[in-house]
Every structure is written in structure tokens, then in C-alpha cells.
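Participant: With the hints as constraints, model all of the structure from the sequences given.
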Amino acid sequence: MNRAILAIVGAMAALVVAIGVIIVVLVASGGGSNESTANKTPAPTDSGGGRTEGELRMAGPEPITLDPAIAQDEGSARYIVEIFGGLLTLDQQLQLQPDIAGAIPSVENGGKVVNADGTVTYTFHIRDGVLFHDRKPVTAETVKCSLERAADPATQSLVSEFFLGDIVGVKDKLDGRADEVSGIQVIDPATLSITITGDISSFLYKLTYPTGFVVDPSQTGGTCGTEDFGDGDSNWTRHPNGTGPYELKEWTFGERIVLQANDHYQLGVPKTKTVRFLLAGGGLTAYQAGDVDVTFVGIDDLERIQDPADPLNADYLTGDRLALDYIGFDTTREPFNDPDVRLAFAMAIDKEQIGSAVFKDALPVANSYDMPGMPAYTASASAPAFDPDGARALLEQSSYGGADGLPAISMAESGAGATASEATSAIIEMWRDNLGVEVEIQQAEAATFFQDISDGKYQMFHLGWIMDYPDEDDILNIHFDSESPNNDTGYNNPQVDDLLRRALVEPDPQQRTQLYQQAEQLVLDDVPWIPLFFDREHMLVKPYVKDFGISPIVVPQLRYVSLETP
Amino acid sequence: MQGLFGYAVRRLLWVPVILFAVSFIAFTITRFGPGDYVDVLAGPRATPEAEARLREQTGLNDPFYEQYGRYMKRLLTEGDFGESFTKYRGTPVWDIIWPRILVSIQPGIVALVIGFSVGIAVGIFAALKQGTWLDPFAIGSFLFFQSIPVLVSLPFLVLLFVVKLGWLPAIGWGGPRVDVGPQDIELGILSTHIILPALALSLPSVAGVARLVRATTLSVLGEDYVRTARAKGLPEFQVITRHVARNALLPLVTVLGLSLSTLLEGSFFVETILGIPGIGQLGFQAATSRDYDVILALVLILATAFVIANIITDLAYTLIDPRVRFEERRS
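Going line by line, the protein sequences match chains A and B.
Using our numbering, you'd call the opening residue of the first sequence number 1 and step up by one each time.
Using our numbering, you'd call the opening residue of the second sequence number 567 and step up by one each time.
Don't read these hints as lab results, they were simulated from the structure.
Don't take every hint at face value.
Computed, partial: chain A to chain B, Cβ under 10 Å [said to hold, decoys possible]:
(1) Ile70
(2) Ser234
(3) Thr448
(4) Ile453
Source: prediction; values computed, not measured.
Note that CB positions come from ideal geometry on N, CA and C, so glycine has one too.
Facilitator: Dropping the structure here:
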């Protein structure tokens, strides 16, 4: 008896002390405001710590590889575009600019010739004095070897056909039918010609993607011209030799990537000497503690930071990205083989409400597939508007005769959790309220998800698309042309096919834009995809970091940044 | 000691058998799970032909027992754990795992030392104060910490020590650098970076050790030799350290041995929240991205550590406890 009482008293005393400690801590810390830590200088340590002159510190994703030929994710591309370069590049306004080439080949400067057989030959002159980081000169032969390496099946690139497949002979090389790519010819040590299968104006854009970047053959191995480099250096991506504005100084897995300015970069020496990326733990806490100069802001912290009264508000920077969040339908499967059903589902979603309630207005609502900033974007493009009554009526007119006639429906999304994302739940609820349709959510890990989408296993799926280069063919042709291997919806409209294929090879930009706008409106009306939201980046940038831009797609941008001396 | 030696050899002979079984099961499960690393890598831009080519080149199309045979042959003859596909494409698995193990071990060891020393002290203290309010108070306080999950306690510790007080660095890991072969690692154990992870990992473990020690101490306190020691006038401090503690701590050897093997596991939550480049974080990422060779290497290394730790624990127990040795000599 005595013991039991003692035990209870003791345990309660422990609890009281614990709660007391918590209250003291909260009161003590609640009194001080958040900026109390923003100004203090933490003890300098190796990672993070105080500012060093000329060094920009930011959070960064962990790259999967720094080999340009096989990279295909944004996280890797972010570093590769700074370390390597290709014949052409994109500036921060997404305009084509010459990089290793001295000029952009065009009909006017004689660099572009349309051949009698319909193929097009571009001639590139290598810019004088372009050097690798180790000061080895870049020649036409080096460029040819780099492109051929990307198209070599042994390189195991999954995207070389996507980005280089326009070049005559690349498919033969990928299939093992040829040793060389016949469409790439070295004319003299400083001149290279590339022949592509048709007048595809987006080809020059594709050369700005890492797949077409120039690598050092003595690192990657193999034969190049008359030289044989054997197996090369198996560990070369840990210390790559590129031609980009920055040189990789260090890549410690899971910890950091350090880039150092290339002081003989052909397009101008970067203003910031060192850029240190923290691959883990560089969030808002680190920013407030002064351990990083730039960080991303998540939606949960956004409301606070957008408040003008918040001290962090002055550092807030936002920028639109060329990416689209959408729901895709398998147009060959029940019930979405009926266009009326797809339309009804689209009309039942109130995107504005999801945008304000779930995303706190962090993302712009999408009413087209083309993002603002793309050449053919027009505000007059119109996706089906929110109309719950119309949607219900349409569903009743459809071949299924209303909600009760529909088969079981599920929507797939990528995710490992047991609960759906808030946006998905909101959409499901709108379908329930406005259409009377019960839709189940099917979650799959990324690996399963992408496999099942290409196998056509889902009735509908929630997915995003990030642009690789600012041209409509990177979204419209590859997703909505019935012959495209990347068309996952089974969408097939001969009129759209015709418009898209004409637009692809249309040399006149104005004409091209019109063709794409026509095609896009037709697709929007057929609803193989419901466009939901465009992407927008939210960041915090310290006031002493100047000219830091949020670019709409991954382009080299660190060399424009300058730092005020601490 | 003959018997002990024979026992050790018999146990060790089982190790390869167990590891073979583990490797086979792990290999089979990864190969028959949905999706493979080509699906993870592919994304929407790869053509089906390119995916098929990569599967063919990396042997994914072969029957799984052939793939298993190839893997085991390479592992046993060349000590080669294969290479990463989706996490660090083309990098040897050992180069990825080894530095991370060395990082994960640091907070693990410190947490183990703190957890056990505080646990032992609290356990003995509680036993000596049995019958007063201090006994349940001491144990209860640490039960409170045990019942808070790391997911809750760690952000709280960060809020307190990093954001509010500013005593500790916000960046998860740092310290003097040493080259361990494939790359440099940081000895956070020699810097303030060790404090948060060590605290978060050790606080929940104190109560378990303390309760075990309290129970064994109580039973030892009732033994005749303790009464004898007190009766012959030994100072209480010596009675506790020489006679009580030595005997009360024996059962802890088992717990300690098994804890040692978990050092290699790292801690997914602690490493993810604090951004420590350890093995726990890697294991989770490897599993979700179907990085077959990384998953297998991790499973094999952990299984080996667990089996060896078990054997060492058993042997240590027999060596430490004089009664076990005495029994042996008699038989």
C-alpha cells in the first residue's frame, strides 16, 4: 500500500518537473523573437559556420551523377550546367547563346543549310581559346567524341535518344549498327557539322541539355580521333574536367559540393569565387542561424514569410518555373474513353479554391498546358472551366448515363505514405460533391508508379511535367502526338497530330506559334490531361547576395551572382 | 577452456550458413518487388528501347538465380559489393557505405556511453532509495523521455538549442576531417555537432538500462555476501562499488552486446532531421529507389554485425561470470 502511493507520488513528481521544464523553456524562448538568432555569428565550423569572403553558401539537392551524358534529373543538372558546357547554352531569360561554338548557326550566317533530301546541316565554329578546366583546348574532334559517347549504348544513357535522336545516325549508333554517328563530321580542328533528319527548330535547344555537353575523352576513355584513352578514369565524375563557369573542387557524398570559379571561362569569369552547396540540412533553421545565404521555403512557412511584418519578408524572392502539375487520363480505358466523362471530371474541379485553401496561393492556377513564359503561351487558351451543374449534366449525357453507370474508378499518385496529398484529397472530395462519384486513391512508390503509367495500368494519374527547354515540342509533341513513345494517355487525334507535326518543322516562328496554339486548344477541349497548377519557386536570399535569379528551368546562373563584402 | 573453444568454433561455423541464407532471401525479395532501378531512373523521357537496352546490359533480364550467382561470385572472389544505380549512379557500393558507417557510428557510440552510464547510475540510485519517493521519481523521469518519440523530441531540442538559445550549430554535421579512403568524413564526435544526435539517441535508452540495473541491484542487495561486507565494517561506498555493482551489472553484458550491433544501423529519423550523412538515411533511400546492390550490401553488413555481436556477447558472458567457468571445469 505504502509502496504504491510512493510510486504514484514519485511518478507524478517526475511529470510535474518535466512539464515545468517545458513551460520554463517555452516562456523563456517565447519572449525572445525569432531574429535574436539571425544576427549572431555561430562558431565557425567546417560546414556552414560564418561567412567567408567570396563564398556563397546554399542548400542543394544531392546529384545522382555528374556525368552529363547520363544525367536526366534536375538535381544532377543543376551542378552539371555549372561544371560543363556544350556548343550552345541558355541565358537567364532562356535565350539561346553560343557557348563553345562562336555563334548560333543560322541561315543568315551560313551556318544552317537545308539539304535537297530534307535534312538540315548546321555548321559550328569552335570559339577561339575555349579550354577545359585543366587548360586543355577544346577541338571539333572533342565535341564529336563527346556526342558519340552519349549515343554509345555502352554509356547506358536513357535520354540520349530523346535529346540527340534528331541527329542523323544516332539511332544506328544506339542500336549498335554503327561505330560512328554519320551526321557528325569534323571539317577542320575548329569546325564541326551536325546533320539532323529534318528542319526541327527545337534541335538547337536540345543541345543546351547536359546530354550534348562536352567531356574530356582522357577521363571518359575510349578512342577519340587518333588517340586511344583506354578505360579512362573510372572515378572521373568525382573530379570532372569540364568547360563550364565553375570547377568541381569537392563532392563529399551526403555532405557538400564545392564549386570554384573557372578563371578563364569563355563567357566571362564568375563574380563569386566559391559556391558551397550543403546537400543535407540547409533549411530555414540554417538560414536563420546564418549558416546558408540562400534557401528554399516550403508552403508551411510561406504564409509567415509573405507577411510584411515578418523580418524574413525582406529576403523573400519568388519566381515562376516551367513546370505543370496535371491529372492524366488513360483515354483508351473505361470510363475515360468517353470524352464527355473526362470533360465532366475536369469541370467538377474548382482549382481556384484548392489554390487558395491548400497551396495558400503559392502556385498559379493552370488553364493551359503551355506555361507563361513559353513562346506559344496565350492567356486565351482555355481549359474546361469550373461548372459543377454543367459537369453533372454532362456526365448524365455521357455514354454511362450518370454517376451510377460508371465502373469503379481509382486515381494513382506517387507517394509512400498512407494518406493522399492535401490537393488530391480536395479533388477527390470535389468529384464526390459535384459529380456524386467515389474515386479511390491508389498510391505507389516512384519505381512502381512510372512503370505502371507506361504500362497503361492506371485509369488516371496525378503527375507533374518539368520542361527541359523552352519549346512547345517538349510538352505538346511528346505527350499528345499519337506516335510519340512518351504519350502515356493513349490520346489520338489525327487533326492534332497533323498540327503538331507541321509545327515541329515550321521555320517561321510566328506561324509555328499559331500552329501550336491551335493544337493546344484542341487538346485542351479533348481533356487527356486536366492542367492543375504551374510551378513557382519560393526562396529566401540574404540581402548581401546580389543578382541571384530564380530561372524558369535549370540554366547556368551562379556566375551572375555577386556578394557584398561582409 | 576446451569446451569454450569448441563452442566458439561451432558458433562461427554457422556464420557463413546464416549469411548465405540472408543474402539469398534479401536478393530474392529485391528482385521480385515491383519495379526495378531502370524504372526509377527512366522517368518520362526514356524510350522503351533505351530501358530494354539498359536491362539487358545490366543483366536484369537473366533468371534471378543467375543474377544471384553472379553477385555472390563477385562478392566472394573480388570482395566487390557491386555498384549503385539510382543513388550515385556508377559508384562502387563500398565507397558509398563505408564513410557513412563511420559517420553513423559516432553518435551511436556516444549515445551508448551516455545511455549506459546514466542508466547504471540512475538504476543503482533508485535501488538504494527504494521505499522513498526518489526511486519512482528517478525512474519515472527517464520513462518520460523514453515515451517521447525522436520525431517529437528532436525538433524540440533543435528549437531550444539551435533556434532559441543559439548554442549549437544548425547544420547537422561537421568537425575535423579525416580521409577514410573513398572520401573525407567529419569527426562530429570531436565537435559540438555530436550533442544533439547523441542526446536524442541516448535519452530514450536510459530508462530501459536503469530499470534493469535497479532490478538486479535490488536482488543483489539482499544477498548474504552484501550483508557480510556491511557486517565486517566496509564503508558503504565500497560495498556498493565492489560487491553490489560488479554482480548487478552482469546481465547488462547481453544488452550491451546487442546494442553494439545496432550501432551500424544508424538512425533514419535523427539523420534525416539533422542532415547527418549516415547509413540510416542511405538505407531508406536505397530501398525506395531500388538500388539493389546498395540494399544487399547493407543487409549483409548488418546481418554480419548482428551475428558476430551475438557470438561475442555469449562468449563474453561465459568469460566474465566465474560461475560459468566453474561449472565447466567440473563437467
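Participant: Indicate, hint by hint, whether the structure satisfies it.
Facilitator: Checked hints:
Checking A/Ile70 against chain B by beta carbon gives a least distance of about 6 Å; that is within 10 Å, so the hint holds. Here the hint on A/Ser234 is kept, as its CB sits about 8 Å from the closest CB of chain B, short of 10 Å. The restraint placing A/Thr448 at the interface with chain B holds, with a minimum CB-CB distance near 4 Å, inside the 10 Å limit. Nearest Cβ of chain B to the Cβ of A/Ile453: about 8 Å, under the 10 Å cut. The hint holds.
The earlier numbered hints are all upheld by this structure, with none contradicted.
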